Amino acid sequence: MHTSEHREQFIVPIGPQHPALKEPGHFEFTVDGETVTAASARLGYAHRGIEKACEQRTWVQNLYLFERVCGICSHIHATCYAAAVEKLAGVEAPPRAQAIREVVAELERIHSHLLWLGVAAHEAGFDTLFMYTWRDRETVMDLLEVITGNRVNYSANILGGVKNDITPEQSAEVLKGLDFLEKRIQHYLHVVQNDEFFLQRTRGIGVTTKEMAERLGIVGPTARASGVARDVRVDSPYIAYPQFPVNMMVEESGDLEARTVIRIKELTESCRVIRQILENMPEGEIETKMPRRIKEGEVLMRVEAPRGELWYFVKSNGGEKPERVHVRTPTIPNMASVVALAVGHQLADIPMILAGIDPCFSCQDRAVIVNYAKGGHDHWTWEDLRRYGIEYYRKQRRV
Amino acid sequence: MRIATMIGDISRSLFRKPVTRQYPFEKSATPKALRGRVEWDAAKCTGCNLCVRDCPAMALDLHILDRKNKQFVMRYHLDRCVFCAQCEESCRFDAIHLSDKKWELAALTQDPFDIFYGEENNVRTVVEKVLKGNAGQDAGKDSGAKAQAK
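If you read the protein sequences in the order shown, they are chains B and W. The numbers in my numbering rise by one with no breaks, and the one at position 336 of the first sequence is 502. The numbers in my numbering rise by one with no breaks, and the one at position 46 of the second sequence is 85.
Treat the hints as calculated values from the structure; they're not laboratory data. Owing to the predicted nature of the structure, the values given are computational and were not obtained by experimental measurement. Even for Gly, the Cβ is constructed at its ideal location relative to N, Cα and C. Certain hints may be false.
[Unchecked claim] Distance condition first, Cα-Cα at most 25 Å in a straight line; then the derived BS3-like pairs of lysine-lysine:
1. W/K56 <-> B/K349
2. B/K431 <-> B/K461
3. W/K109 <-> B/K342
[Stated by the list, open to error] A short list of chain W residues far from chain B (calculated; beta carbon distances all over 12 Å):
4. K56
5. R74
6. L104
7. T148
8. L170
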């Protein structure tokens, strides 16, 4: 037997590989019984060197590289990059192209939020809801395929416009799909607000106050669920949002239920705006000519990704390749809320709290600066990163 | 409050046939916008190389044998292609497009992923050149790169 004057600390390490989510991240939760008393997060396991890689590619090639920052919100990354480069070059994409960009962006939001709803339901142990939402997500993915030609990585954008026009037949198909989705969305809104088992996992759990959301700089639906009226589509409209505005959804309670409800309400709003655009599509061209060399300068562009505010910093030295591009994805500010919220909650609630911000681990990993213990730091070039990758896998396979 | 709001959904699904498509026997209709394999038309090409320069995956190599007489060979690395259709956008002469029919691209060997478009004689010349260039590096792997002349 062992007695101690002080209560001993027990730390539960989770990850980098863990069963809760499909992406790597390391968390340490100090627990007292079942209650979490301290939490820490370590990120950076899925760093891919994308920002460095982009410096070796042309403006056009980078469009496809940035589309691959995130597999779920690929279009919004490409849109943000394309809009930033267009701003830098002093070129404006035609209104029809901007409207098509908005249609794809909102369809992507539906796809992303439905995916999240499924993940959240799965984490809550409500697998029936998970399977139904993911089945309905197929509908929106098929609609995206009809418009753009692919179910993921749509590549709808080019610099200076979009690739494909939306024909009346495609438009009719999208509207038909939306009819089905709207019915399902109403059903899900009813389920998440009334299913008692689901509510036990969401109501009053992970309450983020408005003050806390402001202090931590939380963005996107996570912030709007806490009463922070912050939506780039409304605050600083881009692409076609000035012509086809969306209404900002705000919930006050800040718990996981509010985060679920707000995302489902945003789905309804997305359906409404897509319908509005398709019925009042501006006429005209879908692309303008872009110069191959972008004039010197720097620009900051921000957009509302499904998970929150996404921004791109793009700097040009007048050449065919960008000098520097920096990407900040919405998961990084939201991650702070997970560590802050975990304290005081049951360990079993942690996966739900983590899933509640809709995290995307590999999107957020960025740094390429190596700090030495003796002082000083060094940058890794694309060649260094490539060589490191090849050596690493050679060692792993022992060849 | 209803205890089980999904009972209706469940009972409907119970008596329905599986929605899974029996793929090899029953194929889904593809939308017109679908981006499949790259197709290249030698007659329209001018050898400007814009598609090659813009390709984000370095999937295209254009071998110019005689620009005046339009003797080109396009080597298309299907395994590198990300099917973004930027080449189609970049081409000002409508010489390149992505097929909406050819999307069943799986194969058991590497050979079908190395595609040469062009006249048969030209392709042969280019293949010999490519094999010579690769000799010593991965000759064994590439020796099977039989030309798939169009």
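How the hints compare with the structure:
{"no.": "1", "hint": "W/K56 <-> B/K349", "verdict": "holds (22 Å)"}
{"no.": "2", "hint": "B/K431 <-> B/K461", "verdict": "violated (42 Å)"}
{"no.": "3", "hint": "W/K109 <-> B/K342", "verdict": "violated (48 Å)"}
{"no.": "4", "hint": "K56", "verdict": "holds (15 Å)"}
{"no.": "5", "hint": "R74", "verdict": "violated (4 Å)"}
{"no.": "6", "hint": "L104", "verdict": "holds (26 Å)"}
{"no.": "7", "hint": "T148", "verdict": "holds (21 Å)"}
{"no.": "8", "hint": "L170", "verdict": "holds (24 Å)"}
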